[in-house]
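There are 2 protein chains.
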Amino acid sequence: MHSAQNDKPDVIIREVALRDGLQSEPGFVATSDKLRLIHALAAAGVVLLETTSFVSPRAIPQLRDARELMDRVPRGWLCHEVMVPNLRGAREAADAGADRLIVFVSASETHNRKNVGCSIEQSMADLGAISGLAAAGNMAVAAAIATAFGCPYEGQVDRSAVLAIARRFVQAGADRITLADTTGMANPKQITQTVAFFKDHLPHTQICLHLHNNRGIAAANLYAGYLAGVRMFDTSLGGIGGCPNVPRAAGNLATEDVANMFEALGVRTGMDIDELIRAAGLLESILGRTLPGQVMKSGASA
Amino acid sequence: MHSAQNDKPDVIIREVALRDGLQSEPGFVATSDKLRLIHALAAAGVVLLETTSFVSPRAIPQLRDARELMDRVPRGWLCHEVMVPNLRGAREAADAGADRLIVFVSASETHNRKNVGCSIEQSMADLGAISGLAAAGNMAVAAAIATAFGCPYEGQVDRSAVLAIARRFVQAGADRITLADTTGMANPKQITQTVAFFKDHLPHTQICLHLHNNRGIAAANLYAGYLAGVRMFDTSLGGIGGCPNVPRAAGNLATEDVANMFEALGVRTGMDIDELIRAAGLLESILGRTLPGQVMKSGASA
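Sequences listed follow chains A and B, in order.
Count the first sequence with our numbering and you get residues 794 to 1095, in order.
Count the second sequence with our numbering and you get residues 794 to 1095, in order.
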């Protein structure tokens, strides 16, 4: 009991390169290469993967192999979380053996329409049915709220509106809320205050932060989130990712950079930095360009 | 009195692109282009510039125009700080009308030898004479300590050794100590503890942080420094800079990214973000490549 507790990481780093990262790439990455990446990530100690998304292959052709990929992924202790935009996607994800369904919506009406082509209410309409499907299949459901710290179209986003959406997700059975800074508009003070606000109003719901680096301070935002008590963060191998609608947008924080920082802080991640660097190198060779991650260039901290 | 106090920035962002940035570029940037950059920075509200370094033109040919540049820089409220490796450099800087001399040394013996070709003691040998020269010329002296958070050759650097060097600088009249994370080895906890340690032992000396991004978390380190009470930070327009000895090294935090973060936090920098973005665009056109700064791509925060 005691040693098991000691093995538990202090923070959970959730890998989103396969979904958020690869969907922002111009080309389709072969399913076999995605599988090589997943194996490399698993070897580095990653346990929580945003593996793919059951969206329309016309909308996001990069993820058109969602079913084939899910049929071939290693299972074991890997947890395959799969994004589902609607009930149809949820059914497909359930059929494909997803471990957890991720429902999502934007906090901003305009961004939601640009992102998935419908209103926030329409995005939420399938929630009850998805929740029932998950319960019947013994699957967990988590939720992600995009543009939670600001919208590139609407500007400031009201924290109470984000909470109202989160409450509906929680009432429908979501065991975790991801607050996403989709286009890098957050600042550390806002993170601190928003996390405190959510801890006050939804004290029993796990908060995950998903922070893009469009304004160069995602690492500061992540650290502020950690200081505020957040213990789960989305990151992306090599720092890939972005937003198809935002030119020259920055990606996520690199998994290996964040894991390296936490390990240097004495905060255990359960990850092997050198293996992560190896996985990032594999990703770099698959994509054929230099990736933004820094630790893959400079090496792990001493 | 009251309004003057209100105009005072809450943090000082010290611009190092002209020196730290340009000395890492493969080619020589024309003096006229450096002057255009300085004018653009001044228009954006920059007041503290690391303008150049009076080092050997053989060692750093990128700064071989130090004297010509100093002869042509705008003065007014701009403060031109100039790095000097030794007494000869200090004499030249004084002759050229530097507003402040910056003496420097590495906390690590090996790095100092690689950087300036002599021991720490040899680097410190001219300190008294430089200090006398500065006093005679009514110039301020500040000091920078490289590899203060770790050395790529020696690994961990003892905080007490850094303090011992800092004390010698302060005793010689330095009014400020810059702690430089030359190759991005620091972590936020180390920053917090080191700043507290320096505030304890040198309570009357201003601390400046100079943070490279080699491991992707310079923004987190800067924010930790701010929380610990640091109110001066070195940054580099467009995020240029690096280390000639470190392949694929990362630069400094981008001036416009840091200023944008502070302004979003309600911490006044005295800078105009849009003018900084314009200056970064000018730098990008001069260097002819995409720079790492993010706000220049995404725009200022709302």
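Source of the hints: derived by calculation from the structure; they are not laboratory data.
Since the structure is predicted, the reported quantities are computational estimates derived from the model, not experimental observations.
There's no promise every hint is true.
Unchecked claim - Reference excerpt, derived from the structure (chain B facing chain A, CB under 10 angstroms, subset only):
| id | residue |
| --- | --- |
| 1 | Q964 |
| 2 | A965 |
| 3 | G966 |
| 4 | G1032 |
| 5 | L1046 |
| 6 | F1055 |
| 7 | A1057 |
| 8 | G1081 |
| 9 | P1085 |
| 10 | S1091 |
Positions of the beta carbon are idealized from the N, C-alpha and C atoms, including for glycine.
Going through the hints against the structure:
A least Cβ separation of about 31 angstroms between Q964 (chain B) and chain A goes past the 10 angstroms threshold, and the interface hint is therefore violated. Because the closest C-beta pair between A965 (chain B) and chain A is about 31 angstroms apart, greater than 10 angstroms, the hint is violated. This hint is violated: G966 (chain B) has a C-beta 34 angstroms from the nearest C-beta of chain A, more than the 10 angstroms allowed. With its C-beta approaching chain A no nearer than about 7 angstroms, G1032 (chain B) sits inside the 10 angstroms limit, and its interface hint holds.
Given the 10 angstroms rule on beta carbons, the hint for L1046 (chain B) holds: about 7 angstroms separates it from the nearest Cβ of chain A. At a threshold of 10 angstroms, the smallest CB-CB gap from F1055 (chain B) to chain A is about 9 angstroms, leaving the interface hint in force. Of the supplied interface hints, the one on A1057 (chain B) holds, with its beta-carbon coming within about 4 angstroms of a beta-carbon of chain A, less than 10 angstroms. The beta carbon of G1081 (chain B) is not positioned within 10 angstroms of any beta carbon in chain A (closest approach about 17 angstroms), and the interface hint is therefore violated.
The closest approach between the C-beta of P1085 (chain B) and any C-beta of chain A is roughly 8 angstroms, which is under the 10 angstroms cut-off, so the hint is satisfied. A cut of 10 angstroms between beta carbons decides the hint on S1091 (chain B): the least distance to chain A is about 4 angstroms, and the hint holds.
Hint check: violations occur at hints 1, 2, 3, 8; the rest are consistent with the structure.
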